[in-house]
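Chemist: Residues per chain, in single letters:
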Amino acid sequence: MPEQRPRKQIHLAAHFPGVNHHTVWTDPASGSQIDFDSFVHLARTAERGLFDFFFLAEGLRLREHRDRIHDLDVVGRPDTFTVLNALVAVTTHLGLAGTINTTFNEPFELARQFASLDHLSGGRAAWNAVTSSDAFTGENFRRGGYLDHAKRYTRAHEVVDATRALWDNWPADTLVIDRERGVFARPVTPVHFSSEQFEIDGPFVLPRGPQGYPVQIQAGDSDEGREFAAAKADVIFSAHGELADGQRFYRDVKDRLARYGRDRDDLKILPAAGFVLGDTTAEAHERAHHIRRQQVTPQTAIAFLEQVWGRDLSAYDPDGPLPDIDPAEDVNITRGRVRHAKDPRAIADAWRAKAAAEHLSIRELIIATTARQQFVGTPREVAVEIDRYVQSDAADGFVLVPYLTPTGLDEFVDKVVPELQSLGSFRTAYTGPTLRHHLGLRHPHDSSPANDSTGQSRHGTEGVRAS
Amino acid sequence: MPPTSPLLLGLELAGAGAHPASWRRADSRAEDLFTAGYWVDALRAAEDAGIDLAFLPDSFTLQTAGAIGRLDAVAIAARAAAVTGRIGLIPQASVTHTEPFHLSKAIASLDFATKGRAGWEVTVSAGEAALFGRKPEQDGRSRWQEADEAVEVVTRLWDSWEDDAEIRDQATGRFIDRDKLHYIDFTGAHFSVKGPSITPRPPQGQPPIAVRAADPHSVRLAVHRADLIRIAAPDLAKAAATRSELRAALAAAGRDPNRVRVLLDIDIHLAATVDAAAAEVAQLEDWLATPAPATVFHIGTPAELRDILREVENECAADGVVLRPLALPAALRHLPALAPTLRERLGLPRPANRYARA
Numbered sequence: 001m002p003e004q005r006p007r008k009q010i011h012l013a014a015h016f017p018g019v020n021h022h023t024v025w026t027d028p029a030s031g032s033q034i035d036f037d038s039f040v041h042l043a044r045t046a047e048r049g050l051f052d053f054f055f056l057a058e059g060l061r062l063r064e065h066r067d068r069i070h071d072l073d074v075v076g077r078p079d080t081f082t083v084l085n086a087l088v089a090v091t092t093h094l095g096l097a098g099t100i101n102t103t104f105n106e107p108f109e110l111a112r113q114f115a116s117l118d119h120l121s122g123g124r125a126a127w128n129a130v131t132s133s134d135a136f137t138g139e140n141f142r143r144g145g146y147l148d149h150a151k152r153y154t155r156a157h158e159v160v161d162a163t164r165a166l167w168d169n170w171p172a173d174t175l176v177i178d179r180e181r182g183v184f185a186r187p188v189t190p191v192h193f194s195s196e197q198f199e200i201d202g203p204f205v206l207p208r209g210p211q212g213y214p215v216q217i218q219a220g221d222s223d224e225g226r227e228f229a230a231a232k233a234d235v236i237f238s239a240h241g242e243l244a245d246g247q248r249f250y251r252d253v254k255d256r257l258a259r260y261g262r263d264r265d266d267l268k269i270l271p272a273a274g275f276v277l278g279d280t281t282a283e284a285h286e287r288a289h290h291i292r293r294q295q296v297t298p299q300t301a302i303a304f305l306e307q308v309w310g311r312d313l314s315a316y317d318p319d320g321p322l323p324d325i326d327p328a329e330d331v332n333i334t335r336g337r338v339r340h341a342k343d344p345r346a347i348a349d350a351w352r353a354k355a356a357a358e359h360l361s362i363r364e365l366i367i368a369t370t371a372r373q374q375f376v377g378t379p380r381e382v383a384v385e386i387d388r389y390v391q392s393d394a395a396d397g398f399v400l401v402p403y404l405t406p407t408g409l410d411e412f413v414d415k416v417v418p419e420l421q422s423l424g425s426f427r428t429a430y431t432g433p434t435l436r437h438h439l440g441l442r443h444p445h446d447s448s449p450a451n452d453s454t455g456q457s458r459h460g461t462e463g464v465r466a467s
Numbered sequence: 001m002p003p004t005s006p007l008l009l010g011l012e013l014a015g016a017g018a019h020p021a022s023w024r025r026a027d028s029r030a031e032d033l034f035t036a037g038y039w040v041d042a043l044r045a046a047e048d049a050g051i052d053l054a055f056l057p058d059s060f061t062l063q064t065a066g067a068i069g070r071l072d073a074v075a076i077a078a079r080a081a082a083v084t085g086r087i088g089l090i091p092q093a094s095v096t097h098t099e100p101f102h103l104s105k106a107i108a109s110l111d112f113a114t115k116g117r118a119g120w121e122v123t124v125s126a127g128e129a130a131l132f133g134r135k136p137e138q139d140g141r142s143r144w145q146e147a148d149e150a151v152e153v154v155t156r157l158w159d160s161w162e163d164d165a166e167i168r169d170q171a172t173g174r175f176i177d178r179d180k181l182h183y184i185d186f187t188g189a190h191f192s193v194k195g196p197s198i199t200p201r202p203p204q205g206q207p208p209i210a211v212r213a214a215d216p217h218s219v220r221l222a223v224h225r226a227d228l229i230r231i232a233a234p235d236l237a238k239a240a241a242t243r244s245e246l247r248a249a250l251a252a253a254g255r256d257p258n259r260v261r262v263l264l265d266i267d268i269h270l271a272a273t274v275d276a277a278a279a280e281v282a283q284l285e286d287w288l289a290t291p292a293p294a295t296v297f298h299i300g301t302p303a304e305l306r307d308i309l310r311e312v313e314n315e316c317a318a319d320g321v322v323l324r325p326l327a328l329p330a331a332l333r334h335l336p337a338l339a340p341t342l343r344e345r346l347g348l349p350r351p352a353n354r355y356a357r358a
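In the order they appear, the protein sequences are chains A and B.
Reminder that position 30 of the first sequence reads as 30 in the UniProt record's numbering, one-by-one numbering, no gaps.
Reminder that position 150 of the second sequence reads as 150 in the UniProt record's numbering, one-by-one numbering, no gaps.
Treat the hints as calculated values from the structure; they're not laboratory data.
Just to be clear, a hint being listed does not mean it is correct.
Claimed, not checked - Below, in silico cross-link-like pairs of lysine to aspartate or glutamate (EDC-like), each with a Cα-Cα straight-line distance of 20 Å or less:
(1) B:Lys135 <-> A:Glu199
(2) B:Lys194 <-> A:Asp67
(3) B:Lys238 <-> B:Asp215
From a predicted model like this one, the values you see are computed outputs, not experimental measurements.
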C-alpha cells in the first residue's frame, strides 16, 4: 500500500461580488454594493469562517455595450486601497487582497500604498497584479499615454521588481530609535532602479512591512500569465474549475516553479467558484436553477447574444429561437470586459447546433453556456466535493464568489465550514497573525521556514526569494 | 464680516510632532509611528477632545531630519474611518504624480467609509519627479496649473453620477439609469479624462477641499476651488488682513466668502504651566535647533490657548484654526481642556455670576 500523504489543508478566500451578471441584485436580500457596511458584513463573515483572505476586484472604466454604459448588472464600486484599509479596523486576522492594475499605476506610489496597508494591518496585505493594454481604460488615465499591447507584461514584471526594490530599501536594522543618542534611523541609501520602462531614483519612505512583500496574487491564464505567476506570484487565481481541467492547469503551473528555484508549495492555486446550498440535493439544484434564471434575465440574454452577433438584437424574443441572420464580422460591441466572441461565426454555428439539439431558447442557451464552476448540494456534499478537488490536486483551495451582496457567504460559513473542519481539511483557528502564515508561505526575507497550516515545518527552502 | 461661530478646531497630525526632535521625548511613542495603533489613538483622542478636523500631512519624500518615514495619509484616514464617528478626516494628497481618477475614487470611497466625514487637502510635490521617473521636475507655476486641472477632473468625477442614478428597476432589468451617468470629457494641458467615475457620487456630493494658500499660485487655486483655506501669519492682525484679502478675492471670483472657511495655523506646545511648556520646548530646541515659527504660536497652558482662540474670533483673524503640535502625543493629553462648551458652540458668552462682586 502506498504511503499516505498528510491531508492537504484547504485555503478559502471570499470575493466581494462584483459588477457582472453573477450578482443577483434583484434578490430581495440584495443590499448595497457600495455602502461600507456591506463590505464590513462580508469581511466579518469571512473572518468568522477562518478564511485566508477577502478579495476585492477593481474597475477603472465603466463597461459599455453598444456604445452606451452597460446598465443590466451592478454598476459602481469603491477604491480598492481605501476599502481594504478601512476593513482592517473591523477584522483581526483576515487577509486583505486587492486588484491593482500595473498599467495605470506607478511603482513608487503602489509600493507605498501596499507597504502602508501591510503596516496598518499588521501583515495582512495582498496584491492581485493585473495588466491592461486597453486604450478604452486608458482614456481615464493620460499621464503617460497608452501602452503598447506587447509591453504590458514587460511593464508588469518591471512594476513588481521596482516595488520589491523599494520595499527592500530599508534594511532590517534601519530603524534605531535611540532617544539618548538622538539617532532615529540609519541613513537610507537611495534606490536606483532602472529597467526598460522605468528610471526610479531616491529613497523609499517606509520600513519593510510585516510580510516583507505583500502576498502576490496573479489572475491571468495566458502562457505569459502562467509564467509571470511561476516567477513571482504566491497565489494564482485560476478559472479552471472543472476537475480534470483543474488538475492539468495545476500540474502545468506547479511544474514551472522549479525553473525559478521555487518549491511547489510556494504558489497556491485558488480557482474562483460559486456555490449553492440546499437542505437536500434536489432543493440545492432547484435553487441553483432559479438563481441562474435571475442571473440571466431576458435583457441579459439578449445582451450576451449581441456580444457574439455584434449587432442590435433587441427585436428578438429571448424565449424564442436564435437569430437566423449571421453575426457581423469582428465587431466588438462590448467594451471594458474580456471579449466574449473571438470567432463569432464559429460560436454562432456551435450555439445554433446546441440550441437545436437540446431545444433551447435564447435565454436557456445563454444560461447553459455562461455557467461556470460551482458547487451545488447539501453542505456536506459541497464540503466533500471541495475537499476532493483539493486532495486530488485540482486546486489548493477556492476563492468563493457569492451571488448575493453582502449576505451571500453567511450560509457557507455557518454550514459548510464545520463540515470541512470535520473532514480534517480546514483550520479550526487562525494559527498566525499574517496572511503569509495563513497561506503557509515563506517570509521573503526570512531563511527560517514558516509553519504551514498543518503545523508542519517546511524544509529545504533558502532565504531570499529571487526578484 | 465676523467669522462664523464657534471657531472650527483643526489639528494637524504630523508624525511625532511638528518639531523634528519631538520623537526623542519619552512620551513620543516613536516605536509605534508605523503602526495603526499610534494613528487611531491620536485621531480618537482628537475626536474625544472635540476637534472638528484632522489634517494628515503627506509627501513621497523622506524627511530631512528627525523621525523619518511616512505612511500614506489616505490610508491612515481610511484605517481610522470605522473607529471614529464625528471628526472630519482630511488627508493631504499631491496631484503632481497621482492620477486624478485614482484620487477621485479614493476620496469618494473615504467619504463612503466615514459616512460623510472625508475631505481632501490638495498639494503639489516638488523634488519628487525622480521617484516616479515619468516626467521632468516642474516649476511652481506648472505644478499649480496642473493641480487646478486635477481638481477640476476630480470634482467633475464626483458629479459624474447623479445621486439617484441607481434605480434597480426589475421590470426593465436595469440596475442604473444610464442617462444619470455622465462622461466628463475633460481635456487639459496636463491630462484628459473621459469618465464617468467608477465610484458613485459620495455621501457629501463634493467632499470639502482644503488648500494651503502660501504663494500666488496656491492662493489662486484656493480662491477658485477651496472650501477650507489654510493660512499662516506672524500675528493675528496679519491673519485678519490676509483673511480680508482672501474674502475680497473670493467675492471677485464670484464665490460667496461666507461659504469658505479661512483656517489659521497655530504652532503649539501645551503643558500644565508656562514654565514647564517653555522648558520642554527648550529641550526640543536643545536637541535640534529649528528656525523661529513662521506663524502664530503658543507655548504655555491650554487655558491661555483658549484665550488666544477667543481672540482669533474677536479679531476676525480666521474662521478656524489648525493646531500644529510640536510634540503630538504630549499635546493630545491637554486637548480636552480646549473643547468648546455647549454655550460656546451656541455662540453664547459665559454670563457673569449675579452674586459675585464686580
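Chemist: Taking the hints in turn, state whether each one holds.
Modeler: Checked hints:
For the suggested pair B:Lys135 and A:Glu199, the alpha carbons sit about 10 Å apart, so the restraint of at most 20 Å is met. Restraint check for B:Lys194 and A:Asp67: the C-alpha separation of about 14 Å stays at or below 20 Å, so the hint holds. Simply put, B:Lys238 and B:Asp215 have alpha-carbon atoms about 15 Å apart, close enough for the 20 Å limit, and the pair holds.
The earlier numbered hints are all upheld by this structure, with none contradicted.
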